[in-house]
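Colleague: Following our numbering, the numbering of the sequence shown begins with 6 at its first residue and continues without gaps.
Mixed in with the good hints, there may be bad ones.
Unchecked claim - In silico DSSO-like cross-links for lysine-lysine, where the CA-CA straight-line distance does not exceed 27 Å:
1) LYS62 to LYS88
2) LYS71 to LYS53
3) LYS53 to LYS80
4) LYS46 to LYS7
5) LYS80 to LYS59
6) LYS59 to LYS91
7) LYS59 to LYS46
8) LYS62 to LYS7
9) LYS91 to LYS7
10) LYS93 to LYS7
11) LYS62 to LYS80
12) LYS46 to LYS88
13) LYS53 to LYS7
14) LYS88 to LYS53
15) LYS7 to LYS59
To be verified - Label pairs and their calculated CB-CB ranges:
16) ARG61 to GLY102: 17 to 23 Å
17) VAL30 to HIS83: 16 to 22 Å
18) GLY37 to ASP58: 34 to 40 Å
19) VAL90 to GLY37: 26 to 32 Å
Calculated directly from the structure, the hints in this document are not laboratory data. Small disclaimer: the values here were computed from a predicted structure and weren't measured. Backbone N, C-alpha and C fix where the C-beta goes; we use that ideal spot for every residue, glycine too.
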Amino acid sequence: SKIFVYRITYDIDGHEIDLSWDQVVRRCTSLGLETVPLVDKFIYSGNKEEILDKCRKFNQSVLTDKHIPEGLCLKIEHPTMNKIVKYKTFTFCHLEGIQKQDDNFIDAEDIA
6 SKIFVYRITY
16 DIDGHEIDLS
26 WDQVVRRCTS
36 LGLETVPLVD
46 KFIYSGNKEE
56 ILDKCRKFNQ
66 SVLTDKHIPE
76 GLCLKIEHPT
86 MNKIVKYKTF
96 TFCHLEGIQK
106 QDDNFIDAED
116 IA
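Turn these sequences into a full structure, and let the hints guide you.
Modeller: Printed below as a string of structure tokens:
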């Protein structure tokens, strides 16, 4: 197993502050941690389908062929907004959905 960092936040007076991607890379380097692989950088044109088409191209794991493809995190960096949205593959959503139906399942993302 390995851990890859895709996001670092700080809580400043009750406000969640996201580091930019460059800051995440620098901080991870200083701590000896690995970031998720960067697969593309682009400027959003306002066309939602264009982004979905880019995401759909990644239908296999970029980490290893021994793991199902989970999807991608899209990091949006703008002077007025810093946000991450996730694009999950059909396979991942299907398997996650089955797992979440178990009454004893605890999602680490939900409790973090």
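Colleague: Could you tell me which of the hints above the structure violates, numbers in ascending order?
Modeller: Result: hints 2, 13 break, sorted rising.
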